[in-house]
Each structure stands twice: as structure tokens, then as C-alpha cells.
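Chemist: Protein chains in written order, with my numbering: chain A, 1 to 567; chain B, 1 to 337.
Hints should not be assumed to be uniformly reliable.
What the hints assert, rightly or not - Here are the computed lysine to any residue pairs in the SDA-like style, where the Cα-Cα straight-line distance is at most 20 Å:
#1 Lys299/B / Ser224/A
#2 Lys223/A / Ser321/B
#3 Lys223/A / Asn76/B
#4 Lys299/B / Asn271/A
#5 Lys299/B / Val242/A
#6 Lys121/A / Ile311/B
#7 Lys121/A / Ser319/B
#8 Lys299/B / Asp240/A
#9 Lys223/A / Lys299/B
#10 Lys391/A / Ala403/A
#11 Lys301/A / Val331/A
#12 Lys223/A / Val268/B
#13 Lys223/A / Glu309/B
#14 Lys121/A / Glu309/B
#15 Lys438/A / Gly390/A
#16 Lys391/A / Glu330/A
#17 Lys305/A / Glu330/A
#18 Lys223/A / Ile326/B
#19 Lys558/A / Asp488/A
#20 Lys223/A / Met149/B
#21 Lys301/A / Ile13/B
#22 Lys121/A / Ser320/B
#23 Lys223/A / Ile13/B
#24 Lys121/A / Val268/B
#25 Lys121/A / Gly276/B
#26 Lys121/A / Ile13/B
#27 Lys223/A / Ser320/B
#28 Lys223/A / Ser319/B
#29 Lys223/A / Asp307/B
#30 Lys121/A / Ser308/B
Hints were generated in silico from the structure; no laboratory data involved.
Keep in mind the model is a prediction, meaning the values are calculated, not measured.
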Amino acid sequence: MIYRNRNKVVSLSNAMTLTVVTLASLAVIIAAVIFNSMFRDYMENIAITNSEQSVDQVSVTINNYTDDIIGIMNKLAYDKDSAPSAELFEDLIDIRNDVVMVSTYDMSGNNTGIWSNYDVKDPVFTNLSYDSISSYEGEGVYISAPHVVSVLDNNYPWVVTITGSFVDVSGTPGIIAIDVRFSDIAGYIDGVGIGQHGYCFIMDNDGNIIYHPQQQLIHTGLKSENEMITGLADGSHMADGVIYTVKTLEDTNWKIIGVTYLDETVTNRVNTMIIVSILILLLVVLVSFLSGTLFSYLFTKPVKKLTDAMRDFEDNAQDFVFEPIVGAVEVNSLSDSFEHLVKRIQQLMEEVKAEENTLRKTQLMALQAQINPHFLYNTLDAISWMCEEGKNKDAVLMVNNLAKLFRISISRGQEIIPIDKEIQHAQCYLQIQKYRYKNQFDYKFEIDDNLRQYLCNKITLQPLIENALYHGLNMIDEGLIIIRIKDDGDCIILEVEDNGIGMSEDQVAELFVGDITDRGIGVKNVNDRIKIYFGDEYGITVRSELDEGTTVSIRIPKTTEDDRIEK
Amino acid sequence: MRSKEHNLRYVVIISAILLVAVGAGILMLVKMASDTGSIFQVNGPRAYVAVIGKSNTSAFWESVSSGARASAAEYNLDMTFEAPDNEEDFEAQNEMIRSAIAKGADAIVFSAIDYNGNADAINEAIEAGIPVVIIDSDVNSDGVSCRIMTDNYAAGQMAGMQAIEDVEGELVVGVVNYDVNSANGQQREQGFCDAISSSGRVRSVYTINCLSTQESAYEGTVSLIGEHPDINMLAALNELMSLGSGYAVRDMGLQDEVSIYAFDSNVVCVGMLETGEIDGLIVQNPYAMGYLGVENAYKLINGLPIDSERIDTTTTYVSSSNMYDIDIQRMIFMFGE
Numbered sequence: 001m002i003y004r005n006r007n008k009v010v011s012l013s014n015a016m017t018l019t020v021v022t023l024a025s026l027a028v029i030i031a032a033v034i035f036n037s038m039f040r041d042y043m044e045n046i047a048i049t050n051s052e053q054s055v056d057q058v059s060v061t062i063n064n065y066t067d068d069i070i071g072i073m074n075k076l077a078y079d080k081d082s083a084p085s086a087e088l089f090e091d092l093i094d095i096r097n098d099v100v101m102v103s104t105y106d107m108s109g110n111n112t113g114i115w116s117n118y119d120v121k122d123p124v125f126t127n128l129s130y131d132s133i134s135s136y137e138g139e140g141v142y143i144s145a146p147h148v149v150s151v152l153d154n155n156y157p158w159v160v161t162i163t164g165s166f167v168d169v170s171g172t173p174g175i176i177a178i179d180v181r182f183s184d185i186a187g188y189i190d191g192v193g194i195g196q197h198g199y200c201f202i203m204d205n206d207g208n209i210i211y212h213p214q215q216q217l218i219h220t221g222l223k224s225e226n227e228m229i230t231g232l233a234d235g236s237h238m239a240d241g242v243i244y245t246v247k248t249l250e251d252t253n254w255k256i257i258g259v260t261y262l263d264e265t266v267t268n269r270v271n272t273m274i275i276v277s278i279l280i281l282l283l284v285v286l287v288s289f290l291s292g293t294l295f296s297y298l299f300t301k302p303v304k305k306l307t308d309a310m311r312d313f314e315d316n317a318q319d320f321v322f323e324p325i326v327g328a329v330e331v332n333s334l335s336d337s338f339e340h341l342v343k344r345i346q347q348l349m350e351e352v353k354a355e356e357n358t359l360r361k362t363q364l365m366a367l368q369a370q371i372n373p374h375f376l377y378n379t380l381d382a383i384s385w386m387c388e389e390g391k392n393k394d395a396v397l398m399v400n401n402l403a404k405l406f407r408i409s410i411s412r413g414q415e416i417i418p419i420d421k422e423i424q425h426a427q428c429y430l431q432i433q434k435y436r437y438k439n440q441f442d443y444k445f446e447i448d449d450n451l452r453q454y455l456c457n458k459i460t461l462q463p464l465i466e467n468a469l470y471h472g473l474n475m476i477d478e479g480l481i482i483i484r485i486k487d488d489g490d491c492i493i494l495e496v497e498d499n500g501i502g503m504s505e506d507q508v509a510e511l512f513v514g515d516i517t518d519r520g521i522g523v524k525n526v527n528d529r530i531k532i533y534f535g536d537e538y539g540i541t542v543r544s545e546l547d548e549g550t551t552v553s554i555r556i557p558k559t560t561e562d563d564r565i566e567k
Numbered sequence: 001m002r003s004k005e006h007n008l009r010y011v012v013i014i015s016a017i018l019l020v021a022v023g024a025g026i027l028m029l030v031k032m033a034s035d036t037g038s039i040f041q042v043n044g045p046r047a048y049v050a051v052i053g054k055s056n057t058s059a060f061w062e063s064v065s066s067g068a069r070a071s072a073a074e075y076n077l078d079m080t081f082e083a084p085d086n087e088e089d090f091e092a093q094n095e096m097i098r099s100a101i102a103k104g105a106d107a108i109v110f111s112a113i114d115y116n117g118n119a120d121a122i123n124e125a126i127e128a129g130i131p132v133v134i135i136d137s138d139v140n141s142d143g144v145s146c147r148i149m150t151d152n153y154a155a156g157q158m159a160g161m162q163a164i165e166d167v168e169g170e171l172v173v174g175v176v177n178y179d180v181n182s183a184n185g186q187q188r189e190q191g192f193c194d195a196i197s198s199s200g201r202v203r204s205v206y207t208i209n210c211l212s213t214q215e216s217a218y219e220g221t222v223s224l225i226g227e228h229p230d231i232n233m234l235a236a237l238n239e240l241m242s243l244g245s246g247y248a249v250r251d252m253g254l255q256d257e258v259s260i261y262a263f264d265s266n267v268v269c270v271g272m273l274e275t276g277e278i279d280g281l282i283v284q285n286p287y288a289m290g291y292l293g294v295e296n297a298y299k300l301i302n303g304l305p306i307d308s309e310r311i312d313t314t315t316t317y318v319s320s321s322n323m324y325d326i327d328i329q330r331m332i333f334m335f336g337e
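Chain A extracted, bound-state conformation (with noise of 0.2 Å):
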């Protein structure tokens, strides 16, 4: 159940898909801070310069209209030479389009004649150009605020009046008014634009209105203009994303005030901004998401399904058949090695399985070899003898030697028993074959009592002087069978020495062939056995030599209970 739990835990293509998201988000609200920020200053900057542009251009338009004006009225008024007369006002409204009336008055305010190119009205009812005599105080020149003529007929075109006095022909001091047509400011000042959104107009010092291009929407209350305006010294003025620059013009009393709308347009663009941020982070995110998918399938997929390949493995190794995984190279890669890894270990469980069989039949040839029953029925009969004759101690001790034979031969089933039990086993047997030959040979027993608590397998010291005695011996006289074990090391020596007659090499060679020869269980049986259950490096070898003798050596490693549990 512990892999379930960590199955839940994140998978790797979607770790990687928020990675990517998350730190794409970051990185766009970033950008996008950043840009906002950055933007508004370089767009407050250009609105501001924009502004101040313009404003300055207006008043320079202006301040040469306005000085244009002022130089006509110095040259009327001042120029005592030739001091202005009819014909002269004649002329000036014939030569200056824009001089739409003059009209003089004497020094208590009365009419003393209009001049104009128009059709005066009769009578005339309202003189709006006199309200600007009745504001003059005698000095210098005086510029009024924009109005409209009201003396003519079926014409009411805006002017400015000039005011100055003069003195006429006759020596008689006067005042003259020279209204200049107006228009051509106001559509100038209507045509002027700051940047996005933006406009300019004209306002006294006292913060009335002299023109401004929405008037008409001001005066009815559709628009107003920001009352603070009137106090703001030259220059340029934020107040709510809105840019007031103003400059005071040289020769009148006038203030050119430039307008630019800042918020709307920047917010605007800084909104297409966030749209747009907002755009490559749903294509971040799809394209994330894409990937993730793409590398899922590369190799989150892959790997999980092997993961669940190896699983099966683990649970069924035998039957297991792999189907190569298809991915990234990487997985493809650890695919093949899995399985290469599943071959090997199938191979080697195929091998173990025909180790563990070999066994199996060999120990089952060795355990049936043991009940020889012409071995049995001998001993059984030289039993029966004993009794006859009644050697009953004999009888009592060949039953017991037997007994003992059998019981340490099957051992309840163990392959593996202690040396102490083998060496009871071959003296069980030497004991049963000394009686049944009379006492013909002799043997011997050298043993390091040490290694008795070691493991072996079981009839293996038997076996071979089973073969000693009958092939060794051959009943020869003073046949000697010495049985030694030996500590060497890490190893233990079990020998089996005769004084017989030896073999030849041939006949050695021809003891390691074949699991069961005539002489009953052969040498290649224990030494299969031997190498099956401790490996190649351990088994049995044979020195012999014709008519000398012949000693059996098998070596196995120390190997104790303990060892064994542990493997």
C-alpha cells in the first residue's frame, strides 16, 4: 500500500506544467508592473512636453496678434506728426481686414464717429465696443476681453477692443477704439490639440473666461473647467491624470492654459497592455499545458508504466513477459535495460530451478543407492546368523549400527547435516562391513574434533568408502582405510585414504562419469552434490597410484547451522 500513497503525490509533467504557469504568471504581472509604471512616466513626460509645445506655440501666436495690434494702435495714437484723421481711419479699415470698426470718442466718452466697412445700424441701440473706453484709463494701450459688434447691421462678428488716446488734427485729445476681428484666434485656438486628448484656452488674470473652445457647453453647465486653474503659477500642473500648463502672455493680462487628459488614454493603453499580458499567459499556459501533455506522454506515461511492468515482475517473475516501453531516448533507454534485467534474471531462475532439480534427483539416487537391498538382505542375514549362533551382543549392536545408518542417511529429508552426524554414519557402515568381513581390513578415524560442528552434505564420506573397500581393498590383507578430517582455512578437508591397489588415470577420470555405476553411488554424485550446494570451487579430488593406494579428498567451506540460517 505504500506505493499507492505515492502515486498520489504529483506527477512530474504536471509539476512541471505549474513550474512553467507559475513562474510564466510571475514573470508576465512583472513585466506588466513594470510596463505600467514605466509607461505612465514616458507618457506623463511626452504629455507634458506635448503640452508645453503647444502652449507655447499658442501664445506666441497670440503675442504676436496682440503685439501686431498694439503696434497699429501706438502708430495712430503716438505718431504726433501726423496725427490720425478720418482718412487715415478710412484707410486702416480698407488695408487691415481684420480691423473691423474704429470708432473715436472724446474725453467725456461720447460718440465722435465710426468708421467701418459694414452697414451701421440706425440706430444704433447697444455700443458693447464703449464698455471698453468707459475700463480705460487714459494711459497706454488697453485690450479687452472678446465681444461681439453690436452696431452693425445683421453682423455681429467677435472682436478685441484696443483702446488708446489720441490727440486729432485740431489739437483735441480723444479716445479711439479699434475693434480687431476675433475669429481667427478662436479658430486657431479651437484647432489646437495637445497629444491624445487635449485642448487650449484663453483666461485672464482674475480667472475669467476671455476664450476657451467649449464655452458654449460651459456657460450651460454641460462642462466645467477646474476652478483651482485660476491660482497656478507658468508651467506645467498635474491634478488627477489631468496635465494644466499655463503661461502668461508679455503684453496683456492674459494666460494661455493648455489642457491634456492623461489618465484615459494611458489607462487605456496600459488596460490593452494587461489584455494583452493576460494573452501570453493563456498561451503560456496552454502551451505549458501542451508540453506537460507531450512530456507525459515522453515520459511520465512510460515511466509509469514501467513502474508497473517491474511490479508485475515482482509479483510474477516466472511468467513475465515484457513489452519494450516507447518514450523519450532516456526511457527508452532504462526500458531496454529493464529488460535486459528481467532476461538475466529469468535465465538465472531457470538455471537455480535446474540446480534445484539436479539436486533432487541426485540426493533421491543417493538416498535409494543407501537402501541397497543387497546390502540390506547381508546385513540383515549376518543379523540373523548372530541371533542363530546367539551372539545376541553382536546382533544388538549390527540392528543399532543399522538403525543409526538409516536414520542419519535420511536425516528428515536435510541435505546439509553436521560432520559430527556424517562421521557417525561412516562408522556405522565400517562397523556393519568390518563383522561381515571378519575383521579382513582395519580403519581409522582422524578427526579434528574443531570441525564436527560444521556442516556437509549428508553420505558423501560413505560413498567413497563404500568404494575403497570393495575396489580399493579388494579384500587384500591388512587392508587399512584411513578417514581424516582436516581444517585448512577457511576449509575443511574430508579424506578417505586407502592402502589398496591405486588407479590408473583413466579409471579416476572414469569416476567422476555417470550418477550411479555398478559400484552403487558414485563419486560424481557427491561431487555434484557438493558443488550444487556449496559451488564450483569446492568438490572432490583423487590421488592415486597403482599398487600404493588411493585418497579421496573432498573440500568444502566452514559452513556452520548459524551460516546457514543466514543465507
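The hints should help you fit chain B onto chain A, whose structure is shown.
Modeler: Using the frame of chain A, we list chain B on its own:
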């Protein structure tokens, strides 16, 4: 192996989708960049607003045009003002609408000569995705984004209230109205009549509907007064009616007997106001219509919220006593030549 080919196909399909998505995204960005005109560019191409009026000769429409021009300058727009030569020619207006669509106008500011006759052309523009702002005279279309006009009933009412304040005694009223199918004229008449009847001094009201020309108004006024010589008050409900009845009263020498309450100003009307032929003028705000029309077009083009779908431009009452106040001067006298 099956899954191998399967996976390969997936990879190909996913890559294809990816490519398409990225391509679509880039296209969208490019489109957005060109639509809004200026994501990457500070000075994009300027938006174009077509203003189509009802006339290009009257003082009223000159004022509309100059308001539109000031607004276009303020909002950095390209603007054209067009109107048919004849104030009855709604077909010519439809041609102008279609030509504006063809020229790729970003918004149309329109005043309808014919409430129904202009509807199809306006709907074509709306279907082409061009926002439409109506000024002065409405059109029969649901798709109009914004309407900017005088509250004609209130304007008529204002004239009537001034009239009953100025004139004492029993009232015999003649109404010189124009096209009987004009909603504007009918509403003014209704407002005027409702206001004067509140005085309880009205003996009778006679209405005459003239063609929208000065001559027709003159003749109509003469015949109305001829039939009803006891008329002591006239209401003239547009600029041409005002002129026609003003001249008629002047020529009949009745300026002291008959009070005229007239609509819309021009220089002649103003002169008549000064001389007393006309007693009161109801002045609309054509400049504001032009200005606000283009301003709202700008807002619509840029996706900014508009203040209201219906904006009432104000009306101002002008009499001989206030006509030279600076604010009234600004209202009734054009700056242009």
C-alpha cells in the same frame, strides 16, 4: 508495436495544436495592435469620425460643425462634416452614410432628416460595427449608441412660460410650425401650448404647418394673421419659421401688437430681437451637439464609458434685456466668419 505508432501520432497532433495556438496568439496580438492603433506605437493612425448633418447653410448647422471641429481637435481625431444642400434630402444623407462606411469611418455622428427614411442606412453602419451617435434629430434604429439633442418639449415649455410672463391679458395664439411629421416640432408645440394654457388666459390657439422654408413661413404667418386678426402672440418653432414670421410681422407693421416667441438664432433674428419684432428667442446649443457628438464618438471608438445614452443639450432663453451678456453673446454669436 501498436502503442509506439499511437504515441507518435499523439506527438504529431499535439505539436500541430501547439503551432496553431501560437500562430493564433500572434495573429491576435497583431490584430489587437492594429485595432487599438497603438500598443507598440505612440502615434498610431488617427481615428476618423464622419459627422453628417441636415444642412450646411443654416447658422445652427454651422455651429454644430464648429463644435464638432473643436472636439475633433481636442481628441486628436480626423473629422469631416457633411450635409445635403437641401434640408429635405434624406436620400443624399443615406449616400453620405454609405460613403462613410466605405471610407472606413470609426464612428458616425448623424442627424436624421427622416426618422424612418434614414433607418436602413444607419442600420447598415451599425451592422458594419461602426458606432453611431445621433444629434438633434432621431432615427428609427435600436442600435444607436448615444443620442444628444434638445429636450424639445422642455424648450417649448420654456418659450410658453416666458410668453405668459411677458404678455398680460387675454391671449390669442398663432403657432407657426413646420413639417407635421417632425417629432421635434410637434414636441415644441406641445410644450408651448401646455405652458401657456397653464395661465388660464388663452382664448384660442391657431396652428399652421408650413414647409421648411422662410417664404412658406412668411406666407403662412400672413394668412394666419389675416384669418385671425385678433392674434396677439406667435410661436415660431424653428429658425426658418422665426425668420418668416418675423419678416411678416415687420411687413404688416404689427410688431407692437403681436409678440413673437421664436426658436433658434441667426443674425437677423437677433436684429429683430433688438428692434422688438421678436420678443424672445429659445436658443438651442448646436455647438454642444457637435462637440458632444464627436466627444462621445471618441469615447465609443476607444471603448470608454459614455456618460449617458441620452444627453439633453440645454436651451437658453434670450430676450433684448440679456442678449449682450457675455455668456449669451457666446451662445448666439458664431465665432466663425
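Chemist: Determine which of the earlier numbered hints do not hold for this structure and return their numbers in increasing order.
Modeler: As far as the earlier hints go, 2, 6, 12, 14, 16, 23, 26, 27, 28 and 30 are violated by this structure, in ascending order.
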